[in-house]
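Enquirer: The primary structure of each chain is shown beneath.
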Amino acid sequence: MRAAGIEAGYGRVQVLWGAGLDVREKESVVLLGANGAGKTTLLKVVVGLLPAWKGAVRLEPDDVTAWRTDKRVRRGMAYMSEIGVFPGLSIDENLRVGGQFIEKTALKRRMEELYAYFPDIAHRRGALAGSLSGGQRKMLGIAKALASSPRLLVMDEPSAGLSPLFVGQVIEVLSRFRESGLAMLIAEQNIAFLDLADRVFTLDGGRIRFEGSVAELEADDSLHRTYFGLA
Amino acid sequence: MPDTGAEARAKLVRRVILDTSIAAVVVIGMGVARGVYSNELMLFNFVMFLALAQGLNIIYGFTGYLPFGYVGFYGAGAYGFSLVVMHLHASALVGMAAAAVAALVLAVILLPLLRLSGAYFAIASMAAAQAVYEVVANPDLENITKGPYGVSLSDVFAPAFSYYIALAILAFTLLLVVWLRNSRFGMSLQAIRDDSVSAAMAGVSVVRGRTIAWLLSALVAGLVGGVFAWHISVFYPDTAFDLNISIFATVFLLFGGATTLCGPLLGVFILYGIYNVIGIAVPQYFEFTYGALIVLLVLFLPNGLVSLLTNRGIRVP
Amino acid sequence: MWRRRGWRAFARHDDEGILDDQGTLHDDTNMLTGAIIAGVVFGLYYTLVGLGLNLVFGVMRIVNLAHGDFLMLGGIAAWFLFTSLGLHPLVSAGLVVVVFVLIGLPIYYLVVPRLLRSRDSEMLSLILFFGVSQMIEAVTTIGLGSTERSLPPRLLGVGPVILFGTRLPKAWIFSAIASAVAVLLVYLYLYRTRLGTLTRAVMVSRDEALATGIDVNFVSAVAFGISLALAGVAGVFAPFILGSITPNMGVAINITAFAVIVVGTLGNPLGTLLGGIIYGVSLMLMQTYLSSWANLLPNLLLIAVLLVRPEGIFGRKVRRA
Amino acid sequence: MKSKALALGLLCAVAAAGSANAQPAAPAAITIGTLYASSGPYASISMPVFDAFKLWVDQTNAAGGVEVKAFGKKIPIKLVAYDDQSSTATAATLYNQLITQDHVDLLVADSGSVLTSVGVPIAKEHKQFLFDVSGTGAAFFTKDNPYIALMSDPVSTIWPHYISDFLADQGVKEGVKTVAILYSTNDFTGTQAAALKGFFERDGKVKIVYYQGVPTTTSNYTVLINNIAALNPDAVLELGYVGNDIAFLRNLQDSGEKFRFVFSIYAGTEKEEIEKNVGISAMNGIYSYVPASDYEYKPDVGMDQKAFHAAWDKKYPPGSGVAFGANAIYGYMTGLVVQQTLATTKSLDQMAIHDAVFGLSGKLKTLDGTFELRDDGAQIGEVTPLGQLQPEGKDKLKLVAVYPPDLANGKAIIGK
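Protein chains in written order, with our numbering: chain X, 1 to 231; chain R, 232 to 548; chain W, 549 to 869; chain P, 870 to 1285.
Keep in mind that the hints were calculated from the coordinates and are not lab data. Keep in mind that a hint or two might mislead.
[Said to hold, decoys possible] A partial selection of chain P residues facing chain W, derived with a Cβ cut-off under 10 angstroms: (1) Ser-913; (2) Gly-934; (3) Glu-936; (4) Val-949; (5) Gly-1082; (6) Thr-1086; (7) Thr-1087; (8) Thr-1091; (9) Asn-1096; (10) Val-1147; (11) Gly-1148; (12) Asn-1153.
Glycine included, every Cβ here is placed at the ideal spot set by N, Cα and C.
The task is simple: from the sequences and hints, build the whole structure.
Expert: Set out below in structure tokens:
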């Protein structure tokens, strides 16, 4: 997946000024940025929830810039928003909605696989997602996004609203999927997620400031101060 | 105005002068029109709708609440006027005071509706107006309201005098809008409309602001309803609570563009003008065109005619 | 009402020397139970009237102020099919469902996606559909004139059906059954089909549905079509329940339909069932004990529910501050 | 700017006064202004009146115009008609329009009390005589207002007395002891109900066991009928508009309840319209008023009922929308009064027209009976006998006048 020269915004307010990034096959990329830097906006352009004013998004081998989200999802992209689940639907239904494009028996198989990954939610399949705790909800969100067996999982702040303990659990689960060969694009401000990163992009004021490995990021003094604090 | 510089103040003064002169031209124009055009009732209806559209502007334009049942205050005013004149044999001006009081009392009773948002508020206010109508028109209350049998107020019938009182109400309403557009209070109302949470944090009293706008808006409708009762002198409850009155005022307001002074005026002059010219001859075709116009308006020009200019950054009074 | 032998029956038929088992005992308790039973059956019809409106609100968060006019069109269609082709209303009902779903799709794509992009779509939808309602009313009046139209009562059978001792028109039973079937079908659609699950997902959160890659427009368009079909079916029964249909009946229907769906929880189509029954029973009780105030009822119910329990019975936050 | 406008206004006023003062030669046309409601709740009573009035205008013009005594010759009629769509607000503006802009010679009101109401003060204010077709509201007729006369339809308080007379007279003989009155809460039916209640209480022969008003928008009567049945009344009087009567009669049939005497206003007065909507079996045996559309008065002026019905069917073929009924008679009847007024009035001055209209009182006999006015303008001459819908052949119903005896052409059948 490659996005280049993206300019986008809401109404008249421009948020992105020529941002671009790429995620290669089976690669895990973390997009680091403070609140308001434009992370969510960039992800929305990537998955097709927001039109790009300028620039292009490619999901090799296609130019998907003009595609709607549902078409991109069919093509192997999945998006997990900050909310991530439908609180008014049951766990089972959430997964089925996530895997809506998959053929019936394949979906059933896929759901069993996912329940095996997430035993916490597996034994409450009929319960409403709204009744789950924050951590469980996040797990369900991931499971729902993965229900369509995507090649690329795009996540917006999986740590939002979670206690450090649950953040650890989320990272652990994601790392397992990373090992299984899933490509990931994670927008975060929590540096704990850098453990998952093959590469890092940082976004500031609607522009990409840095691109490179975690080690290179840590080597850069000013960036290091911005994201790791003075500690 | 947060800016206290001399230049800003001069700018404000210029704006107020411009707004006020527009208001004055409209009021004087409608006064003069009565001398040259003899269908007084049509002119009176224009004055009524000019005032009602602006009254609605006060609540919708500045707070974002759109009461579909705005006609409830109008009806309350009409009956406030009629009850005092019928039972106490009061003079018409006392009746007008009663009209104002009746509308304000109803507005206070309905204050809790302001807790509802958007469409719920619109629908609930419509139900409230219907409920008041059902009470007023109930034959069990015939001794008080004359029930469904209608009111006759021939004792105070004074078409000329009541026309000028209607003009005075229009002037009052227009000045209210001018004030809201240019005062600190009006600005804070708009801030609440756009973002009630931040406005509250910025120290603007959300509840107080909305309440005042609601009462002012009701007051205007009540006064218009009162002067309507006076001017027409014979009417039935379904005339005073005709939902079309709300709907017309709403369409005029939206067509012209809320929050501005000129928008609602344009809306009334253009649409009600067309209505009176064409609508009278071929009402069904007109009703259809009117409906289509509304649909197109909402889809392509949701902020009204004036947004053609404001979208280009031009300030419309 | 109980119909059995009683002392009053004797008194009544005494001078004719006839006593049959049509002898009647009426008392206050029977008026009460009669009103409640009639109210439930009548309420089922109003469930049908409100069901589609609520579905659209639930899925799109817009208020279709032309719902009553689509209902009227359904009635006109049934009238037309009967007078020109002699079609039975139950057959017409099936045709109306198909045609109205098909009409609903283009109307949806023409109007709603654009509407939903605006700043305050919930509010603007009220106004927009008011315009649509005006257009429908005008076209119908131009085409057909404004007099009352209805279908012969015999089509659904004349004479009463006795239900728990209360006499009810046959037509009421038919429309109550039609309504129950409609509710059941909507339930099956929402809870037993893939598209239905997606529809509920859109109802829960339109944004999340978009993010999940659901084709929200298609799901909504289908819901819109179903909603019109439900209105149309309700319209087919309208001549039997409301006596007759006129081009301008839509507004009154709308107000009642609002009351029904607000009472039964906005945005929850199945809650409409409860709303309809509450409305029906209260209306019949009002007619029994305070008849001239009966019209006050839907309005008061609506306001009371919005203020006291705005989230309805199944809950959703609607208050602003 | 203001003074200029004022001067202009003055000029206009002077011009208007001038033209009014100088007695002009015969005008090219007599302008008659009227309103009608093509949509809304009053369309069903307004359109037949308007169509019938148009029929009269066309007929008159085809004959070379209307005879105007003041000019001693026939002058064609120019009809100016606006659609008020059942809205009183619109109607008020339009009455004003007709008087002040179109300067009509004669002003004819829309049908029904509600749409007439707003015209009454406007006509009075502008000293324009109002031909009130069927606005029977008692408040319209006051001694201090000479600018109104009711053409057809006696005032609501007179209309229903044959019902109570019949029940007190023949009904009681057959054992009718109790009556239930169910009315729609509007001016027209509300005043009739109140009048009936007064008559029954005054006579003291039949007891009212149920007296309830329901909103005019009521569209189903099942529970109301059940409740009435619970009280076992011998007679049931339902007073409503067309839509109410349709719903009531359908629900009554569906409920299977039988009462010995059932009355509904429109079952007879708009028989064809009701028949279309409820079918014959639901109307069999129902009592109603007998309008002139079902009763043959011998007219001195204009067509009789049969000829008029034929002319109507020719111009408005059955099924074309507006059904023949009492309101059609009212519209034609109004035309006849206008015709006779112009044939006798000294001038087109509005007070002269008042004198001419009142001069016809008691003398004019049309297909609607005798035209007679009280001195305040209310109609008291045209009575409406009580009738009953009785089978005629296999699938037809005939409205038979059964009371008072001098007008009766059949015998009432009171149920057992």
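Enquirer: Are the hints correct? Go through all of them and say.
Expert: Going through the hints against the structure:
Restraint check, P/Ser-913 versus chain W: the minimum CB separation of about 5 angstroms is within 10 angstroms; hint holds. Interface restraint check for P/Gly-934: the shortest CB-CB distance to chain W comes to about 31 angstroms, outside 10 angstroms, so the restraint is violated. Using the Cβ-Cβ criterion of 10 angstroms, the hint placing P/Glu-936 at the interface with chain W is not satisfied: the shortest such distance is roughly 34 angstroms. A distance limit of 10 angstroms between C-beta atoms decides the matter here; for P/Val-949 the minimum to chain W is near 22 angstroms, and the interface restraint is violated.
Nearest Cβ of chain W to the Cβ of P/Gly-1082: about 4 angstroms, under the 10 angstroms cut. The hint holds. Hint status for P/Thr-1086 relative to chain W: holds, with the closest Cβ pair at about 6 angstroms, below 10 angstroms. The closest approach between the C-beta of P/Thr-1087 and any C-beta of chain W is roughly 7 angstroms, which is under the 10 angstroms cut-off, so the hint is satisfied. The restraint placing P/Thr-1091 at the interface with chain W holds, with a minimum CB-CB distance near 6 angstroms, inside the 10 angstroms limit.
Given hint, P/Asn-1096 at the interface with chain W, holds; its Cβ is 5 angstroms from that chain's nearest Cβ, closer than 10 angstroms. At a threshold of 10 angstroms, the smallest CB-CB gap from P/Val-1147 to chain W is about 7 angstroms, leaving the interface hint in force. A hinted interface residue such as P/Gly-1148 counts as satisfied when its beta carbon comes closer than 10 angstroms to some beta carbon of chain W; here the least separation is about 5 angstroms, so the hint holds. With 10 angstroms as the threshold, the beta carbon of P/Asn-1153 stays out of range of chain W, its nearest partner Cβ sitting at about 12 angstroms, so the hint is violated.
In summary, the structure is inconsistent with hints 2, 3, 4, 12 from the numbered list given earlier, while agreeing with the others.
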